[in-house]
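Can you build the whole structure from these sequences, using the hints too?
Sequence order for the protein chains is A and B. According to our numbering, the first sequence is numbered sequentially starting from 1. According to our numbering, the second sequence is numbered sequentially starting from 1.
Hints listed in this document are in silico derivations from the structure and should not be mistaken for laboratory results. A hint or two may mislead.
If you want the footprint, here are the derived chain B segments under chain A, 3+ residues with CB under 8 Å [what the hints assert, rightly or not]:
| no. | region |
| --- | --- |
| 1 | 130 to 139 |
| 2 | 148 to 157 |
| 3 | 182 to 196 |
| 4 | 245 to 252 |
Only some residues are given here: those of chain A computed to face chain B with a beta carbon under 8 Å [claimed, not checked]:
| no. | residue |
| --- | --- |
| 5 | L4 |
| 6 | T5 |
| 7 | L6 |
| 8 | D10 |
| 9 | V105 |
| 10 | T108 |
| 11 | L138 |
| 12 | V143 |
By construction, the Cβ of each residue, glycine as well, lies at the ideal position given by its N, Cα and C atoms.
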Amino acid sequence: MGALTLLKPDLYGPAAADAGGNPAGPPVLHGGECRCGAVFFPLQPYGCEVCGRHGDDLRPRALAGRGALIAAAVVHIHQNRPGPGAPARQAPFVVGSIALDDGPVVRTLLDAAEAPEPGARMEARLVETGGETPTLDLRFAPVA
Amino acid sequence: MPRKLTDNRAVYVVGVGWHRYQPASETPYVMLGIPAIRMALEDAGIGFDAVDSAYVGAALLGMAAGRPMLRHLGASGLPLVHIENASASGSAAFRHACIEVAAGMADVSLVVGVDKPAPVRRAGTETGIPSLADDAIVPFTHFALLTNEYAHRHGVSPEDVALVAVKNHRNGSLNPHAHRQKERSLDEILGGKRVSGSLTALQCCPVGEGAAAAIVASEEGIRRLGIDMSRAVRVTASAASSEKAGQFGGADAAITGDTMKAALAQAGRKATEVDVLELHDAFTIEELHYVEAMGVCAPGQAIHLLKEGAFDIGGQVAVSPSGGLIAMGHPIGPTGVGQVGEIAMQLRGEAGPRQHRDAKVGMAHMVGVGAVCYVHMFERA
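Written out as structure tokens, the structure reads:
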């Protein structure tokens, strides 16, 4: 990963290292788990959507960056209004809904030229974004 | 146990009106709302001085739009309130006017939805909780994803889904208040500008400007003011809900199913007894989701009924005879109020070329970002 920084380090990061010092699997998403058992993404301290518990009842939980594609779409039109959390994007780009193996459903950008078939196995990866100061951002892509 | 609307005084729709839904223009919102209100008052045969309270559904106009508009009808000092509830702003305004009249705190209440397009600031993006790329997944892409999921699950083609738009553009071509009043062929719809996934521009609702108004009244108000009871339409159900935990992605259809079933129970009707259904078809796939959620047919079967003409005016149930959001348009604040107007016209037998034969039971359905859901039911008094 070299000197490149992560675009949204609060949301994801490399998987924990294995015995050889390399990430053991695809990047992880920084989710949470409530005392009631609800698993959610992203981690937040405000309160559990299922039971309303908050504070210390909500703990960080790393979610494996693996799942199954529910749906995907090539976005043909995008009003480019960059702002906080909304970097400049040029259509077309591909987005998808992914049911993570660890439970939550996430929606985000796919690293794919076309929309993969629903049901496809997906994995997270960190890809270099363009721009003046290249950073790494999370994408999902079909498992080769 | 909480009481239902119908456990209280009976509520009737006695007047409806519109300003045509249209692309954004120089017309101030005041001159969109006032003509719609005057049309509704005239339809009811009453003056503004007979109105006890006013509910203004608007999402995009900014703070306190009501009084600068209503004062030109003769400022009577009536209580007025603004309701913002995303796409369901007008439906929420209608529900709360009905509740006030049912409770006996007003005999006649005005509901007006009015809006003009404006940049939208969504509080949901300002919670302080970051997202992976929510800025890249705007509403049309949310529904493009749901289209892809539905098509894959039920073996339905994008061409099939677009047939919803063929029907609704045809209905809109017969509606003088519709934003889009042109019949469109399947080829035109599929060959149009690509938006997201398989959605094309003519499968997405236009968001323009306009207004819709409705007058609701109690029996006491109707008698006292000499309103024609033979044209009154009874509100037989009002149900509302919001998204529950774990419904991510499929929330709109899930809460639609629950809320429609609650409304049907209140009205003592079965899904198959609804003659006229105005629903939130901001995007083609939604019509299929919601008729299935309602229980008109099994999941995945709506497309077959659509192809047989079951949802046409004159079919088993006329779905969005106004043209729906796809053709009638979706100016936000007016949308839910305009649905009530269309159903009133249908149940009175006054819908002209859009008239569904023998329309007795009507249902209006809206969802809004959040997600929230509203369902109202109506029968001829």
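So which hints don't hold here, by number, going up? Hints 5, 6, 7, 12 are the ones this structure does not satisfy, whereas the remaining hints hold.
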